[in-house]
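K.L.:
Sequence order for the protein chains is B and C. Residues 1 to 288 in the numbering used here are what the first sequence spells out, letter by letter. Residues 1 to 255 in the numbering used here are what the second sequence spells out, letter by letter.
Keep in mind that the hints are not guaranteed to be accurate.
To be verified - Stretch by stretch, here's where chain C covers chain B in the computed footprint (C-beta under 8 Å, at least three residues):
| # | stretch |
| --- | --- |
| 1 | 156–167 |
| 2 | 172–181 |
| 3 | 265–274 |
No lab work stands behind these hints, which were simulated from the structure alone. C-beta atoms are modelled at their ideal positions from N, C-alpha and C, and glycine is treated no differently.
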Amino acid sequence: MIDFFRQLFQPEMSFLHLALALGILASPALGVIGTLVVTKRISSIAGAGAHAALGGVGIALYLQRVLFWSWCTATAGAIAGAMAAALLVGIVSLSAREREDTVIAVVWALGMSLGLLFLDKTPGYVDLQGYLFGNILLVTANDLWMTLALDAIVVIPAVIFYNPLLATCFDGTFAVLRGVRTSLFYLVLLALTALTVVLLINVAGIVLVIALLTLPAATAGCFTRHLWSMMVCSGIFSALFISAGLLLSFYFSLPSGPVIVLAAALVYVISLLFSSRRRGEKNSAGGN
Amino acid sequence: MENIIEVENLNFGYEPGSLTLEAVSFTVPRGSSGCIVGPNGGGKSTLLKLLLGLLVPVSGGIRIFGKSPAAAREKVGYMPQYHKLDAAFPVSVLEVALMGRMRRNFWGRYSKADRIAALEALDEMGIADLENRSFSALSGGQRQRVLIARALAGDPELLLLDEPTANIDPGAEEQFHGALECLRKRMTVLTVSHDLGFVSRGNDLVICVNRFVSLHEAATFTADTANAVYHHDVDMIKHTHHCFCNCSGGECSHD
Numbered sequence: 001m002i003d004f005f006r007q008l009f010q011p012e013m014s015f016l017h018l019a020l021a022l023g024i025l026a027s028p029a030l031g032v033i034g035t036l037v038v039t040k041r042i043s044s045i046a047g048a049g050a051h052a053a054l055g056g057v058g059i060a061l062y063l064q065r066v067l068f069w070s071w072c073t074a075t076a077g078a079i080a081g082a083m084a085a086a087l088l089v090g091i092v093s094l095s096a097r098e099r100e101d102t103v104i105a106v107v108w109a110l111g112m113s114l115g116l117l118f119l120d121k122t123p124g125y126v127d128l129q130g131y132l133f134g135n136i137l138l139v140t141a142n143d144l145w146m147t148l149a150l151d152a153i154v155v156i157p158a159v160i161f162y163n164p165l166l167a168t169c170f171d172g173t174f175a176v177l178r179g180v181r182t183s184l185f186y187l188v189l190l191a192l193t194a195l196t197v198v199l200l201i202n203v204a205g206i207v208l209v210i211a212l213l214t215l216p217a218a219t220a221g222c223f224t225r226h227l228w229s230m231m232v233c234s235g236i237f238s239a240l241f242i243s244a245g246l247l248l249s250f251y252f253s254l255p256s257g258p259v260i261v262l263a264a265a266l267v268y269v270i271s272l273l274f275s276s277r278r279r280g281e282k283n284s285a286g287g288n
Numbered sequence: 001m002e003n004i005i006e007v008e009n010l011n012f013g014y015e016p017g018s019l020t021l022e023a024v025s026f027t028v029p030r031g032s033s034g035c036i037v038g039p040n041g042g043g044k045s046t047l048l049k050l051l052l053g054l055l056v057p058v059s060g061g062i063r064i065f066g067k068s069p070a071a072a073r074e075k076v077g078y079m080p081q082y083h084k085l086d087a088a089f090p091v092s093v094l095e096v097a098l099m100g101r102m103r104r105n106f107w108g109r110y111s112k113a114d115r116i117a118a119l120e121a122l123d124e125m126g127i128a129d130l131e132n133r134s135f136s137a138l139s140g141g142q143r144q145r146v147l148i149a150r151a152l153a154g155d156p157e158l159l160l161l162d163e164p165t166a167n168i169d170p171g172a173e174e175q176f177h178g179a180l181e182c183l184r185k186r187m188t189v190l191t192v193s194h195d196l197g198f199v200s201r202g203n204d205l206v207i208c209v210n211r212f213v214s215l216h217e218a219a220t221f222t223a224d225t226a227n228a229v230y231h232h233d234v235d236m237i238k239h240t241h242h243c244f245c246n247c248s249g250g251e252c253s254h255d
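Please model the entire structure based on the sequences and the hints provided.
P.N.:
Following this line, the structure appears as structure tokens:
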């Protein structure tokens, strides 16, 4: 155990330090976005965004290596793919003409298919496994700066526009009647969700990132009574789950994404049992 | 008397070629209280959404306080069906009531006057003591009263209530009728209800909606009139009841 901690602080462990720093730095944004995704019930849209990111990655790497568009990086592609998917689903759900879940499923699968096809035709080595299930070796110092920027553009508006945001999430129709531009809030939320998802793909992978977004918020929801306290709690849980998961995966030489998700899911299930028992006691005592 | 709702020759359909509401014309004078009744799928909710400006008519016009529905929203209070909201949402009772004070300002901050108005509205519905409780921890009847308080916090002159007695227990329903009687003295109240028994409880207008809309006076609205709207036999129960209200204190004693 002591050896483990000694090893942890060795300079050659900098990849782990980077991943830990990314997880902790991302937690404010994760707390806010995760809470909104859970309470507004848009986790499947976030999932579609994450999977469509692979489409973006595939197209970007193809353009980079076949047409030599050097500015077309995998990250830029992932951001473009995830944003396009999230906004497309968002606009469709606002116009409410099509079945939303069908559109989500189509965008989800279409993004994956485009990604796999383009990656197949892209020359050179592509770490598909890393994109799908996460590879913390891919985290760079540049990602940390991007995460800090994401925190700023997520947390500051959430504080400034807290009241209209709360009204929009609780009862969108009523918020419209009181003059809140709910469609704008909704689309901005989807865009920021897509950005958050993309930044965490290296840590948890496309397939698992959605759990990283929803599990801390769902756990926080078992204990909190206000939207703001759910956001704060969810941020703290995110940092704890990611750090604990990364350390455990390192200690047992396991892939980081599944370990983080399993740790988070375990705490969530325990919280759920605990809070439903507490509610049951309150109900039988109050009779109300 | 001044008409606060004027609907003239309105047509509306969700799909081109099929009309949910057809050739609708009616007026509601200030200070009256009306009940919107009709069979499921007859267009009650659609009419409510048109009055709120959430839907736009295919043809014809609606004027609320002489303006378009969207422009008149500040003077309109609206209570949705409580069970259509997320029951697990983390929000306190006061926070919900404050939403009624949201104005078209950029930041959406609440002033001290907003807090006072929200607390007064909760007090008027007899739930001031629940101010800090979690909305999700309340019973159906309590939630519904919070939502009425939210509508009242905005000082409306017209109050629109969507199925207020659906999914609440009979005790809460009686309390609700008492509270409603107080509000009718101050503002125009329109209630959507599938429950025809609602008609005789303090309403003076009955708005029957089943694709076409007909307006009746509550005093002359009989089972025969209802049958004509529903196209089948319906039971009607006449309620006689008295309500003693002390509207300044907010408490309604109910006899």
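K.L.:
Decide, hint by hint, whether the structure agrees.
P.N.:
Going through the hints against the structure:
1. 156–167: holds (count 7)
2. 172–181: Three-residue rule met by the stretch 172–181 of chain B, so holds; n is 8.
3. 265–274: violated (count 0)
Checked against the numbered hints given earlier, this structure breaks only hint 3.
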